[in-house]
Amino acid sequence: MISILGRGAVLLALAACSVGTITGAVAAIRGSASALRTTRVAAYVFGCSLVLATLLMEVALLTHDFSVSYVAEVGSLNTPTWVTIVSLWSSLNGSILLWGFVLALCVMGLAYNTRGKYPDLTPWALSVAMGVGVFFTFLIAGVANPFSPMSPVPTDGPGPNPLLQNHILMVVHPPMLYLGYVGMTIPFAMGAAALLAGRLDAAWTRLLRRWMLIPWGFLSVGIILGGWWSYEVLGWGGWWAWDPVENASFLPWLTATAFVHSAMVMERKSQLKGWTLALVFASFLLTLLGTFMTRSGVFNSVHSFTQSPIGPVFLGFLAIATIFCVLLMAFRLDALGEGERPLAMGASRDLAFLANNLLFTAFTFMVLLGTVYPLLNEAVTETQISVGQPYFDRMGAPLGVAILFLMGVGPALPWGSGATGSAVKRLIIPLGTGVLAVVLSVALGITQFWPLLTFGLAGFAFATTMREIFAPAMARSKARGEGLGIATWAVVTRARRRFGGYVVHVGVISIAVAHAASMAYQTKTPITLVEGQSAEVSGYELAYLGSAWEEQPHRTSLKARFEVSRDGASLGVLEPRLNHYKKMGTPIGTPVVKSRLTEDLYLSLINVDPTAKTASLDVMIHPMVMWLWVGGAFMLIGTVVAVWPSRSRARAAAKSVPAPVSAAPGK
Amino acid sequence: MSATTANPSAQGTRRVFLVVTLLVAASALGFIAFGNMGENLVYYWDVGQLREAGDKAIGSTIRLGGVVKEGTVDWRPDESHLEFIITDGSQEVPVECSGAPPQMFREGIGVVVEGTMTPSGTFTSERLMVKHSNEYKAPEDGMSADERKQLYRTVEDL
Numbered sequence: 001m002i003s004i005l006g007r008g009a010v011l012l013a014l015a016a017c018s019v020g021t022i023t024g025a026v027a028a029i030r031g032s033a034s035a036l037r038t039t040r041v042a043a044y045v046f047g048c049s050l051v052l053a054t055l056l057m058e059v060a061l062l063t064h065d066f067s068v069s070y071v072a073e074v075g076s077l078n079t080p081t082w083v084t085i086v087s088l089w090s091s092l093n094g095s096i097l098l099w100g101f102v103l104a105l106c107v108m109g110l111a112y113n114t115r116g117k118y119p120d121l122t123p124w125a126l127s128v129a130m131g132v133g134v135f136f137t138f139l140i141a142g143v144a145n146p147f148s149p150m151s152p153v154p155t156d157g158p159g160p161n162p163l164l165q166n167h168i169l170m171v172v173h174p175p176m177l178y179l180g181y182v183g184m185t186i187p188f189a190m191g192a193a194a195l196l197a198g199r200l201d202a203a204w205t206r207l208l209r210r211w212m213l214i215p216w217g218f219l220s221v222g223i224i225l226g227g228w229w230s231y232e233v234l235g236w237g238g239w240w241a242w243d244p245v246e247n248a249s250f251l252p253w254l255t256a257t258a259f260v261h262s263a264m265v266m267e268r269k270s271q272l273k274g275w276t277l278a279l280v281f282a283s284f285l286l287t288l289l290g291t292f293m294t295r296s297g298v299f300n301s302v303h304s305f306t307q308s309p310i311g312p313v314f315l316g317f318l319a320i321a322t323i324f325c326v327l328l329m330a331f332r333l334d335a336l337g338e339g340e341r342p343l344a345m346g347a348s349r350d351l352a353f354l355a356n357n358l359l360f361t362a363f364t365f366m367v368l369l370g371t372v373y374p375l376l377n378e379a380v381t382e383t384q385i386s387v388g389q390p391y392f393d394r395m396g397a398p399l400g401v402a403i404l405f406l407m408g409v410g411p412a413l414p415w416g417s418g419a420t421g422s423a424v425k426r427l428i429i430p431l432g433t434g435v436l437a438v439v440l441s442v443a444l445g446i447t448q449f450w451p452l453l454t455f456g457l458a459g460f461a462f463a464t465t466m467r468e469i470f471a472p473a474m475a476r477s478k479a480r481g482e483g484l485g486i487a488t489w490a491v492v493t494r495a496r497r498r499f500g501g502y503v504v505h506v507g508v509i510s511i512a513v514a515h516a517a518s519m520a521y522q523t524k525t526p527i528t529l530v531e532g533q534s535a536e537v538s539g540y541e542l543a544y545l546g547s548a549w550e551e552q553p554h555r556t557s558l559k560a561r562f563e564v565s566r567d568g569a570s571l572g573v574l575e576p577r578l579n580h581y582k583k584m585g586t587p588i589g590t591p592v593v594k595s596r597l598t599e600d601l602y603l604s605l606i607n608v609d610p611t612a613k614t615a616s617l618d619v620m621i622h623p624m625v626m627w628l629w630v631g632g633a634f635m636l637i638g639t640v641v642a643v644w645p646s647r648s649r650a651r652a653a654a655k656s657v658p659a660p661v662s663a664a665p666g667k
Numbered sequence: 001m002s003a004t005t006a007n008p009s010a011q012g013t014r015r016v017f018l019v020v021t022l023l024v025a026a027s028a029l030g031f032i033a034f035g036n037m038g039e040n041l042v043y044y045w046d047v048g049q050l051r052e053a054g055d056k057a058i059g060s061t062i063r064l065g066g067v068v069k070e071g072t073v074d075w076r077p078d079e080s081h082l083e084f085i086i087t088d089g090s091q092e093v094p095v096e097c098s099g100a101p102p103q104m105f106r107e108g109i110g111v112v113v114e115g116t117m118t119p120s121g122t123f124t125s126e127r128l129m130v131k132h133s134n135e136y137k138a139p140e141d142g143m144s145a146d147e148r149k150q151l152y153r154t155v156e157d158l
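From first to last, the protein sequence lines are chains A and B. FYI, our numbering numbers position 61 of the first sequence as 61, with every residue one higher than the one before it. FYI, our numbering numbers position 33 of the second sequence as 33, with every residue one higher than the one before it.
Take the hints with a grain of salt, since some may be wrong.
Claimed, not checked - Derived, one-sided and incomplete: chain A residues facing chain B with beta-carbon distance under 7 Å:
1) L358
2) Q384
3) I385
4) T586
5) S616
What the hints assert, rightly or not - If you anchor each label on the Cβ, the simulated ranges turn out as follows:
6) B/S27 with A/S538: 39 to 45 Å
7) B/D88 with A/L436: 55 to 61 Å
8) B/A53 with A/S538: 34 to 40 Å
9) A/N78 with B/S27: 57 to 63 Å
No lab work stands behind these hints: they were computed from the structure. Just so you know, even glycine gets a beta-carbon here, dropped at the ideal spot from N, CA and C.
Here chain A stands alone, though its shape is the one from the complex (with noise of 0.2 Å):
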């Protein structure tokens, strides 16, 4: 029943789109009200069904309705209910339904984002949407069809994949990262739009800009929860390991920050304007071929699903979308009109945001090079490499740095050529701070170049956005007699994209002194200990007190339990576990993390013999860890800060079609 209700709703949504796609763009072309009318019905009728039949699936996975395809692929009756809701997205016909239905909600709010404004850009924008729609429409109603009908009808199915049952992480990340990753289409489309139609003004960037900002954030979010599954779960003791899949990921991030970044020199000089919708394009292309890495198993990774005829389909698909970025690159950029000022060169910000996307493009082709190069060698001499991480690490370590130096300049220097002595006058405290910040690191031992490099420059970033920061407000404060409070909140609920964007460079600093520091000074020791030894490892006293099992109705654990004290002062009993799933012979390990702000112990268990009564593991330091997920959390809310609607800003954006640049104080 609910194979025919859910293949049902994909076929509605499917034919929606179609419609939706062409009248979307005759509306542009005739500019017809009544066609733009219904582009608008056929964009809600789109998500409205392809919600319906995410529920319905969910509805499926719940009742254990086996005679859907997708349910006797990864259902199972002793799994638990958060697991089996997760399920949703842990085999990929699944996740390409997932797909679709953040497609949807993102087609709705660009529906309901645009009404009664841009008469010429939104049916455009729509239309081409709803184009990505019926790609992904079609690939949920054929090749990847979750809905297919089971005959006969299993009486159980073997469960997800258990390194996806193994965290309660896994139902955050992947959701966040496809939010990402989808997102990107709507920038895309409105992108296009502005190409089609010919106009790009202030309020459209803005908008575009604002569109960008989410799927940013949430790419943002979603790597870092990666990051944070794959060092809890997967107990190999990091959190990123430039796996091609992780890099899938980054690689969109690389370029959508580059276009935040350069959004504001085009929204503020109108300039720039070809560069920052090619790195519109090149997100969104980077999305897709993101996803085919992912979902085509061209690659061994954790993240891989099976081999699967969905790669070709994909391939296909970004030939197509990239062909189109190109002839209308080519051929519709001249319509823009570029600003008649030619950059601004000297010490400028302008200069110094285009430094920085000099430096966020190199790292993308860096990576994307790093990434691909196994293939292309794969498919020309036919021997198996890949590129180890020592490459990444090497190329991204210059490039990370020189991106927290521009942090540190980029704010302090003025818009166009002008005042460079006040500029100079206002780093001269950051400078101070870096100084110092390499002297405090030195006199705590640290050595390694690099991470010294990045402690200064990091200072040095710090309190340049500091000043960016609280400056304004100590101002306005001084001006006006306002208590520092209020003046603060009155500067930050005015220029919320420009205080959101600061709060976001420190949960980079602390991110970037959190992955130097670990990078630099982790250690990890092998031991093996017999019941009742005891070892002291880097500080930490261990004593092994024996193992025992522990039976859930999903998986079955062994774990090995430790008495841990540092100084002479308990951390309690650690038990690191292996867990066995039913139906899966690998044992899969969840390491123990003890974090504090300096240093984490990280015990992975390794294997235990009950009846030799020893168990080995390897004891990790990892410093300051915890400053990448406090990092995590400063990106997340500074990216709301900036994204959080303002209403004197949507009002004003309201009142005039053609609107006229604001006055509001982005920066």
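Start from chain A and add chain B according to the hints.
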């Protein structure tokens, strides 16, 4: 960028600047492309390919796949030192690992070790992985009950 300025000298400066920027960017990208990718490649070899490579294998990072030969495992827990011989049936390579063998490790099982060849002819590794049947495989549409069972068995055997 279609820049038209009234001041020709400003335009000249601008052009010089653009050319310099492009040169710097291009050389940076070139450095990235050909800088040190070669020495950071990881090769996926089996025992035969490793033997064939001879001295070329010394120093390169290799992911070596094969089977643990019966009766060759020597595990010394107090030193966290593991030795065994990896074989493809005809040729053999002695392997030294630091760290404990994973739970599923046993004689006759397929393994992948990542490390390098030493001049003494022993493969040293920091990383030992027991080979699962390729990857976790979800059963596919239209698979018969028997095929499903077979699939689970291949997973369970390892």
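Structure-based check of all given hints:
1. Of the supplied interface hints, the one on A/L358 holds, with its beta-carbon coming within about 6 Å of a beta-carbon of chain B, less than 7 Å.
2. A least Cβ separation of about 4 Å between A/Q384 and chain B falls short of the 7 Å threshold, and the interface hint therefore holds.
3. Look at A/I385: its Cβ gets to within about 5 Å of chain B, closer than 7 Å, so that hint holds up.
4. Annotation: interface hint on A/T586 holds; nearest CB of chain B at approximately 5 Å, less than 7 Å.
5. Interface restraint check for A/S616: the shortest CB-CB distance to chain B comes to about 3 Å, inside 7 Å, so the restraint holds.
6. The given range of 39 to 45 Å is respected by B/S27 and A/S538, whose C-beta atoms sit roughly 43 Å from each other.
7. At roughly 59 Å, the beta carbons of B/D88 and A/L436 sit within the given window of 55 to 61 Å.
8. Roughly 38 Å separates the CB atoms of B/A53 and A/S538, a value that falls within the hinted 34 to 40 Å.
9. In this structure, A/N78 and B/S27 meet the distance hint of 57 to 63 Å, their C-beta atoms being roughly 60 Å apart.
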